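A.B. asks: Read off the chains here:
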Amino acid sequence: MRKILIMGATSAIAEATAREFARRGDALMLVGRSAERLQAIAADLKLRGAALAEVRVLDARDVDAYPALLDDAGRSLGGLDTALIAHGTLSDQAQCQLDAARMLEEFRINALSVMVLCTHLANRFEAQGQGTIAVISSVAGDRGRQSNYVYGSAKAAVTAFSSGLRQRLYPKGVRVVTIKPGFVDTPMTAAFKKGPLWASPPAVGKTIAQAMIRGTPVVYTPWFWWGIMAIIKAIPEFVFRRLKL
Amino acid sequence: MPRPMSWGRLPHGAQQVVGLSSRFEPLPAAESMLPYGNGRSYGDVCLNDDGSLLATRRLDRFIAFDPASGVFECEAGVLFSEIIELVLPCGWFPPVTPGTSLLTLGGAIANDVHGKNHHRLGSFGNHLIEFELLRSSGEILLCSPQQNAGWFAATVGGMGLTGLIRRAKIQLRRVPGPWIRGDSLRFSGLGEFFALSRESDQDYEYTVSWIDCTASGARRGRGIFMRGNHAPASGRPPPASALRMPLTPPISLVNSPSLNAFNRLYFHRPSAQARDALWHYRPFFYPLDGIGNWNRMYGPGGFFQYQCVVPQSDAEAALNEMLTRIGRSGMGSFLAVLKTFGHLPSLGMMSFPRPGATLALDFPNGGAATLSLLESLDEITRSAGGAVYPAKDARMSAASFQQYFPAWRRFGEYVDPRFSSSFWRRVTKEPGNSI
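Chains L and D are the protein sequences, given in the same order. Residue numbers 692 to 936, in the working numbering, belong to the letters of the first sequence in order. Residue numbers 9 to 443, in the working numbering, belong to the letters of the second sequence in order.
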């Protein structure tokens, strides 16, 4: 039985992934900002088979609370061996361009808080000689584009950070999984027009759970985003800078 | 979500989709909205042209299930298939289920759906313990037959118009497992069908018939009567089917030659006559759920479904006349279904099920010819004092609707001022009527 901490547990992707673990009878601690939404999700996960579904209310920006949270998770779940870091916001690029404080705030949520949590988890998992840390990055982190480079660069930081962490922890028996979702039909993307490239949270959740169980280093979900991003990354700058992506 | 459609895939106008993801969210500020579950109703009862749809499919959390008492509660977007997956291993099953498991709980309440056991257990609303209704005013009403009883009666069968159902609690029924044991019997005419119904309704919880609507003359009204009960048995469930219609063919695959051939083969297939047969619940209740997007076989024009109920006293004559007119038209259906309803009253003021015989048919959308055939079936239903099922309808006239559902004006007082549907506007928009 896995003992899993999920940050940003009310996100559609995290909830879909949690259902996969619940079905396997794992123990879960769900962390998010809304107590009533967390409790509704926890009740559902228990009925779906979760051995435990604990709820903790915490704003992910409160990074000083992380060590106590991890202590609590270890105590409440009878250990901690898996973490899924899924919190984040889809930054408003236009506002972040006008307002440096806003840009910094987005970075604090989408990059720095993730890196702080990874640091604590890494040291604990390294000491116990096993564990899996999964972080939800994004295809947007593969190359900065004018339409969302604040969000994209925060995710790029998460991608690079988790890549380094993966190398550091591999010999110690700890797996680090970098997840790069493409377009997923969630409340975060409610304002977008949907087309054939869009995936549903249940499909994405299944891929993520599988990758976490296997310890797959980097996962694009749906898989075809690997190809799309390979092309986008291959465009030379003298062309790329003229594009309106 | 992709462009919202109803199951009949008939052409319709544009609408804005608002996805709901938490049952604690307030309603959006839209002026005209309608809950949309999994799009399994056939016509325009789940559509709101030029307005907004509240997509409820992501309100899909289980809330509580007591394996001792069979009391089950979940959010409104949970599918019947998901409920069954959870509760059947503990020996429970939905008390009433329609012919698909791919409908949401909210849709089942809003259309007060019925199944093959109507003669025993009534319609779905009869098994509702309570539900929570969110009005556009922000008011939250907990409704049961005792509490907010007027709202309960308006919302059961209320076509989603009284507000958003966010969660509901139902009483499940005990079953020994996933198997149904019973008979499949050929009958040669409507008289024989009614005799079989009378004989079987006593001893069998589930009864339903398929009828060959292409047969004429002496063969008119022939069909296959199926009856069964939940039964203890062991065996391997049939493998989940991977069949689906991957795309919409350019023309309807349902036409006169294919209908004749299908109906003849279906009637004469050896397993049409079987005593003491054992069925897994999936092929028994949900034969078409195994074929993903089967509705695409009707081509880009979509199809109409017609389901009526006529009182028992005139049923044989009325149904005979309908089959004659359908036979003469050359239009018809793979899926002609005939069943008798029982006497347990529906709790919704707009519920469709009522005592009598109910006939359901599909027709490819052939434009004016199809519409005029359906209108001529409505003539028979009207003069028999019957009704047509709104969940299946895309074309009945306002006058017909108002005759079939005399409580519609009283119901109108419960309709949320910011909720509406294409169906509701159609059947209430008549000179002199303004709602």
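Among the clues, some could well be false.
Restraint-style ranges between C-beta atoms, simulated for each label pair [what the hints assert, rightly or not]: (1) Pro-257(D) <-> Lys-863(L): 52 to 60 Å; (2) Pro-353(D) <-> Asp-762(L): 55 to 63 Å; (3) Glu-39(D) <-> Pro-893(L): 30 to 38 Å; (4) Pro-75(D) <-> Gly-820(L): 37 to 45 Å.
FYI, nobody ran anything at the bench for these hints, they're computed from the structure. Because the structure is a prediction, the values reported are computed rather than measured. Think of the CB as a built atom: it goes at the ideal place given N, C-alpha and C, for glycine as much as any other residue.
A.B. asks: Which of the numbered hints are not met once you compare them with the structure shown?
C.D. replies: none
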